[in-house]
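Position chains B, C, D and E relative to chain A; hints supplied.
Protein chains in written order, with the numbering used here: chain A, 486 to 673; chain B, 33 to 685; chain C, 82 to 226; chain D, -15 to 302; chain E, 6 to 329.
The set of hints was computed from the structure by calculation and includes no laboratory data.
Please note that a few of the clues may not be correct.
The calculated PhoX-like cross-link candidates involving lysine-lysine, where the alpha carbons are at most 25 Å apart (straight line), are [claimed, not checked]:
| no. | chain 1 | residue 1 | chain 2 | residue 2 |
| --- | --- | --- | --- | --- |
| 1 | B | Lys539 | D | Lys295 |
| 2 | C | Lys201 | D | Lys301 |
| 3 | B | Lys261 | B | Lys632 |
| 4 | E | Lys189 | B | Lys497 |
| 5 | D | Lys77 | B | Lys632 |
| 6 | B | Lys252 | B | Lys239 |
| 7 | D | Lys179 | C | Lys184 |
| 8 | C | Lys201 | B | Lys139 |
| 9 | A | Lys653 | E | Lys76 |
| 10 | B | Lys632 | D | Lys284 |
Cβ-Cβ distance ranges computed for the label pairs, FRET-style [claimed, not checked]:
| no. | chain 1 | residue 1 | chain 2 | residue 2 | range |
| --- | --- | --- | --- | --- | --- |
| 11 | E | Glu311 | B | Thr410 | 55 to 63 Å |
| 12 | A | Glu502 | D | Lys301 | 30 to 38 Å |
| 13 | E | Lys142 | B | Lys335 | 20 to 28 Å |
| 14 | B | Ser407 | E | Glu138 | 33 to 41 Å |
| 15 | B | Ser407 | A | Ile645 | 32 to 40 Å |
| 16 | A | Phe648 | B | Ser407 | 56 to 64 Å |
Covered stretches of chain A (chain E as the covering partner; in silico rule of three or more C-beta atoms under 8 Å from a C-beta of chain E) [said to hold, decoys possible]:
| no. | stretch |
| --- | --- |
| 17 | 522 to 534 |
| 18 | 561 to 574 |
| 19 | 587 to 599 |
| 20 | 643 to 657 |
Heads up, the beta-carbon is just placed ideally off N, CA and C, and yes, glycines get one too.
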Amino acid sequence: MDVINLTKSTDWNFIEEVSKESGQNPSLCYQCGNCTAGCPYTNYFDFPVSQIMRLLQSGQKDTILSSKAIWLCATCETCTTRCPCEIDVANVMDTLRIIARRENKVSEKDIKLFYDTFLASMKQHGRLFEVGTLMAYNLKSGHFFADAELGPKVMEKGKIHFFPNNIKGRDKVAKIFTRFQEKAKKHG
Amino acid sequence: MRVGVFICHCGSNIAGTIDVAKVAAEMRKVPGVAFATNYMYTCSEPGQDEIKEAIKREKLNRIVVAACSPRMHELTFRRTIEKAGLNRYFLEMANIREHISWIGLDKEANTNKAIESVKMAVAKAMNNKPLYSQSFKVNKRVLVIGGGVAGMQAALDCADGGLEVILVEKSPSVGGMMARLDKTFPTIDCSICILGPKMVDVAQHDKIKLYAYSEVDDIKGYVGNYQIKIKKKATYVDWVKCTGCGACMEKCPAKNSYDHFNFGVAPTRAINIPFPQAIPKKAKIDPNYCRQFVKGKCGVCAKICPTGAINYEMQDEIITEDVGAIIVASGYGLVDMDKFPEYGAGRYPDVITGIQYERLLNASGPTEGHILRPSDKTEPKTVVFVSCAGSRDKSCGIPYCSNFCCMYIAKQAILTKDHIPDSQSYVFYMDIRSPGKGYDEFTRRAQEDYGAKYVRGRVSRIYPKGKKMVVVGADTLLGTQVEVEADLVVLATAVTAAPGAPQLAEKLHISYDTFGFYVEGHPKLRPVETNTAGVYLAGCAQGPKDIPASVGQGSAAASKVQALFSKDMLESDPAVAKVNENTCVGCLKCIMTCPFGAVKEKELRGGRIVANVIETVCAGCGVCTATCPCGAIQLSHFTDNQLLAEVNTICQK
Amino acid sequence: MSEIAPKELRIVGFLCNWCSYGGADTAGVSRFRQPTDLRIIRVPCSGRVDPLFIVKALLNGADGVLVSGCHPRDCHYTDGNFYARRRLEMLKQLLPYLGIDEKRFHYTWISASEGQRWQKTVTDFTNQIHKLGPLHSTTEAHSGS
Amino acid sequence: MGPEKMKEIITDVLKDVDVVIGYKQGFDKLHATPCFINKAEQIEEIIWSPVCVQNLASFLPSLKAKKVGVVVKGCDSRTIVQYMQEGLIDRSKVVVVGIPCTGVVSVKKVLDKVNHQPIEDVVFEADGAILVKTPAGETKLSLADVSPDKCSTCLYPTPVVYDHLAAEPIKSVKAPEDVYKDVEEFEGKSLEERKVYWEKEFDRCIRCYACRNACPMCVCQDSCIAESRDPHWISQKSNLSEKFMFHMIHSIHLAGRCVECGECERVCPMGIPVNALKKKLNHDMKALYNYEPGVNPEDKPPMYTFSVEEKKIEEHKL
Amino acid sequence: MAEREYAYYSGCSLEGTAVEYDMSMKLVLEALDVNLKEPEDWSCCGSTPAHTVDHVLAAALAARNLSIIEKMGTDTVTVPCPSCLSAFKRAHLGMAGDASFKDQVNDLIDEPYNGGVISKSTLQIMYEDIGLEEVAKKVTHALPDLVVAPYYGCILTRPPEIAQFDDPENPVSMDKILEAVGVKVSSFVFKLECCGAAFGVPKRDMVNRLTAKVLSMALDSGANCIAVACPLCQQNLDLRQSQVNALMGTNYNIPILYFSQIVGLTYGLTPKELGIDKLIVSADDLIRSRITVEELAQNKAAAEAEEKARKAKQKEDKTKTEET
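This is chain A alone, in the form it adopts within the complex (with noise of 0.2 Å):
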């Protein structure tokens, strides 16, 4: 790692963000290590959550920004559950991938992809058209087998439906979408 200069490297400004955000403050954080302690991910991650939340609290936006550890977090809520300073830590990192996305500064692209296929199926259908949504996430992921062999499986228990459940209001669903974006433009 590099030599971190703290009097210039330290992003005030993206301190504060995240606690407005979060609605947490990182100042709380005593560095005890639980949330890293109980994190099932954690031999998944570039930085333990712990770190990253150390990270925050000195303002290293870029690092935490680009780190895989946020966007490897499945928010099991184990962290949340037992901070002794009781900071929702799942939250935290729900927001840092919330700004990561906003800042297009996403590393962990199937991760990311893999939601996005979720979200416009949601929006096309509705519902999630469990079917539809692996298919796209495998052609636009390039991993074209991914989960195949499960494939027959799941069609021999007829649990495979290869048409959507198109719900009456999912114009009403998409609008919800195009009415964020478009307040999401509005305040840039």
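For chains B, C, D and E alone, kept in the frame of chain A given last:
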């Protein structure tokens, strides 16, 4: 009326955000104010001299000091003006520091507020009347609540100084928590070996009257004259007859009784002597487990007792003692294990607390000093210590540090290695707090000489896997999750206030903080006093602390009592209620509301009935004054007219 | 009064010496910022506070009155705050009958260690009074004689 | 309900006491006045009719040294119970002659009805009608039209305490929930309306203290803080805030003590509804502490006691 | 027993890969006299993906459904899927606690949500509203071969401020329900350990390794099957069990049943109607030994009688030997 007003700068504490010169200048315009000035440090010797000189020079007869809180320096300035020949109750203070300069940055608003606050004080001072104390006799006996090391030290110091001591201990033996410890840090000397002689001294001292297995039931009175009701709880054993031979304990068939002394780490008998060195060494029956009580028949101990001491019919007994001062050394409690469901919450027998581990280490404990884990009585080879189990944990409601866990964990890690040379200890910690003399060296020794592995991080959870307990934690220095497969896990559970601490505080009329620890008179300058005259603190009742600090406080509290008792007579606070017999209509509603029974009926010579205040009994609360419809009973120094003067100063339409 | 900044309102506080006055001291020692409107009158016990003081203040120009004592059971004088609670509650219910908003009078319990709670109480109460605005004393409009 | 039985009782009681307080006719048939009887021949003066409005129990504390017989209506009897709660009388030295009562008249209301003509005669007919003769002629009134407000919600027509009863007991036909209807109605008004109302009423006060002097529970008498300098609660200025303050002193001192005999209002020369504030307080005392003044001698007035856990007092939030 | 009525939001998974959860849950609740009303034209809750975009958007996607439910006139919605439940609760609590957040959310949807819906998991209504006693009353059959590891997943009880149900560290509701219907429950310490959730598709390796731990600990606890209350957990443990075996070189064959399927079996419902055949890892062998409770009682009585006779004989033999 010639009022003198002294505005203190308190360095920049006040002058930084209040224009003190302007306040003084404004005061000079107030009718009745003959002199007003501002001064750098009014409480300093030259500052006090200035007041004294001004009193003489300007012929001042009421003094207002605008400075810090009267809770800080009222007594100082009362003495000052008294030295200059004024009655001490001619002083009023305006709190322009804690209540103004320290809580706002707007200098204009602060200055304005200060001006009005000083005007209020002036208005009140002009209504101040001279008050004179009465002397009353001191009962030179002292009550010590709690027979732990702090309480015993206080009791012994008082008794050695010739005072009669009443020592009340709620458990069957004195010794407290220290009697349960195996060794003590940082010297590794045997706890009971150094405590035992003190316990014997307490028992044998002719000035100490020990009530073991007793609790303070009720406290009445005031400094110098307290009436204490002590509840002697039924032991079902006549302690006059009991010789402590222990025959009953051997034969008692109720073998699965909870052992309070050993914190349940192993069972005991329903009739038991808590530990071999117990003082008094007497047996006691636990009716929750005794078959005679639970099933209505047994009687084994009664048959076996050689002196016929067993008495199943025994009742609690109330004893009255009169004392003049009280030392509270009621100790501490430990947070419940069920606060940590992620650690097993008492579901897993091999996750135990630090104090339970002490009992496993202790030669007089249930395993006779062999470390055997509770589940299968085998020797653990891997022991994990988890510090801050509840401490510094807001989610547990315990944001504070428990003070001594870091040290005893280091000690326990060392002792573990001593007992089981092929064992390995791991210590999960956040910070190592070892600021005492020789303390940090001690924690280093645990690591350097005894090989304890210190892991910097909290433990997230503990779960059983086969015969092992898997401890999942973090090593924040490595930046990773770590796992230890342990045979035994020891939690350094947080120190809490003793159970029942708030209730005892209510009986004593002393304050306690959010956590139940008793509040000292001043955090720096009055560490063993309380805000209630005659009541002193020692040991962990005031906050978590280790043995030397507790002993120090015990001695300090004792010396405070010695100083109090060095006079035969005490001066009463004259700020008590007074009846104007001319206007009292004898409705006697004041008698109905007085919390102290200080108001009595009095017949005047003409046969008219009026109220009458017994000055030494009156505590000066003023409930009677607010009750009296005709304003005939007035609390001196806080009379209706004095408070109205303040109200009228603020509220003038 | 002339000195009062126009933005400030007139708030009177009666604080018991042992708990709430100490709590206000604690807040001061901790430098907890508070609005400057409040003027504090120290009394030994909340049981000393005759409800008539509050009425007197409200009738004579106060815009709000705050009374604070020890928490129930923690009274330095054992029972003083228990009496206070009954008297103050009586007044709290009576005021609106007279046309005085009961929100102008608040009573609460704050211990000597609760500096933060004191800060919050003062801030919230001051804000509440500012929301209500000045209490145009009944008397001014009609005091013909 | 003739006075005959009462006279018999009083004849008996008089043998045993220093004085009996009853009613006799005043300067006309509409007015009764208290009479103090210590000789048997005075007994004939005694009257009993709806013009007997005064609360005779008010005299008891000042006659504490004597053994006294007293004639009381249901409403007046609550005064005695309240005195007992507050230890202001020695019950063993009081002989209570109770009269069950179906209502009294408000002299003011009667005079209003007959345009304040001189009263020549007043006759109470068996059917409850009242015939008032004046120089202008005869007016027939019904008791309900001219009785004071307190009678319309009276829950205690029969005295709550007595040693002798001059007639058969009467059961109240009034609903307890109606007693404070006026209070609740007034609470329905806006804050501003209430404020304006009291300012207008109290501004008319001439500080004659008649209300206070008539009040059986105003124990302070000459020591009243409305007139004292030490303590100096109010000045003698006749402005609204001082008048308001006087009425607050009177009301707050009566919190949980007012027996609602209505004497304060009856004697007010300005017709100020002085009793209304005390009724409001009683209403609250009932709600907060389930306390009703002057009903049960064993009760303790709520302002002179407390519960550690006040079930009805909730902590106020900001 | 008074009939209970709830709105029932099944969520997308229960229409597809978790259809057996839906089938069994509906039948069990029907047996318990619960009337379920499906909100008309409900949409997806937004789930985890929406939360990575924006808090307001995520809440709006959930709130659209809450608003529909609010208009149905039922105050409580029961949700089988913990992910949907969590989305609902977060939206509801966020809006209740912050007026400006509420306005922002309502700005995005057509019909505003006014905060009048309580969301509870189906597990919660069975445990708290219906109660163990009622749940136990409907039992007609026993499953003597089953030893179940109850697996709650992460977010059914966590974080406690949101879930407001059961214990966040040691939940017992599913244990108690299964015990109430007479099923043996193992002492399972990995009740809450994460299965990898939605990462099955993009981070398969991670999910497989996490589920492997859960499967191994379930076997360690002595269980022969796992009960779940979450479609995602079920999918990761069941459908991907073969992937786990391939990746880790294991040969787990642990049936992963929805707790409602197990309850349904004890209520005498057929495996077919409970969708047992839809499980990838077959549970057929485990449930084959299902018998009625009467039979079980008879078997027990017979076994006891045998034991008694055996003991009597032993005693007899003993006295005989002593005599000799």
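Consistency of the hints with the structure:
Distance hint between Lys539 (chain B) and Lys295 (chain D) is fulfilled; the C-alpha atoms sit about 23 Å from each other, no more than 25 Å. A hinted pair counts as satisfied when its Cα atoms are at most 25 Å apart, and Lys201 (chain C) with Lys301 (chain D) qualifies at roughly 11 Å. Restraint check: the Cα-Cα separation between Lys261 (chain B) and Lys632 (chain B) comes to about 24 Å, which is no more than 25 Å; the hinted pair holds. Between Lys189 (chain E) and Lys497 (chain B), the direct Cα distance comes to roughly 20 Å. Compliance with the 25 Å bound is thereby established for this hinted pair.
Restraint check for Lys77 (chain D) and Lys632 (chain B): the C-alpha separation of about 23 Å stays at or below 25 Å, so the hint holds. Taken as a hint, the Lys252 (chain B) and Lys239 (chain B) pair is honoured in the structure, with Cα atoms around 23 Å apart against an allowance of 25 Å. With a C-alpha separation of about 15 Å, the suggested pair Lys179 (chain D) and Lys184 (chain C) falls inside the 25 Å cut-off, and the hint holds. Distance check on the hinted pair: Lys201 (chain C) and Lys139 (chain B) sit about 22 Å apart at the alpha-carbon level, within 25 Å; holds.
Taken as a hint, the Lys653 (chain A) and Lys76 (chain E) pair is honoured in the structure, with Cα atoms around 17 Å apart against an allowance of 25 Å. The straight-line distance between the Cα atoms of Lys632 (chain B) and Lys284 (chain D) is roughly 19 Å, inside the 25 Å bound, and the hint therefore holds. Glu311 (chain E) and Thr410 (chain B) have their C-beta atoms about 38 Å apart, which leaves the hinted 55 to 63 Å range violated. At about 33 Å, the CB distance of Glu502 (chain A) to Lys301 (chain D) agrees with the hint of 30 to 38 Å.
At about 52 Å, the beta-carbon gap between Lys142 (chain E) and Lys335 (chain B) misses the expected band of 20 to 28 Å. Checked against the hint of 33 to 41 Å, the pair Ser407 (chain B) and Glu138 (chain E) passes, with Cβ atoms roughly 35 Å apart. As the Cβ distance of Ser407 (chain B) to Ile645 (chain A) is approximately 49 Å, the hint placing it in 32 to 40 Å is violated. For Phe648 (chain A) and Ser407 (chain B), the hinted distance range of 56 to 64 Å is satisfied, since their beta carbons lie about 58 Å from each other.
Remark: the stretch 522 to 534 of chain A is confirmed as covered by chain E, as 3 of its residues place a Cβ nearer than 8 Å to a Cβ of that chain, reaching the required three. Only residues whose C-beta sits within less than 8 Å of a C-beta in chain E count toward coverage, and the stretch 561 to 574 of chain A has 6 of them, enough to reach three; the restraint holds. Check on the stretch 587 to 599 of chain A: 6 of its residues sit with their Cβ under 8 Å from a Cβ of chain E, so the three-residue criterion for coverage holds. Residue count for the stretch 643 to 657 of chain A with a Cβ under 8 Å from a Cβ of chain E: 10. That meets the three needed, and the coverage hint holds.
When each numbered hint is compared with the structure, violations occur for hints 11, 13 and 15.
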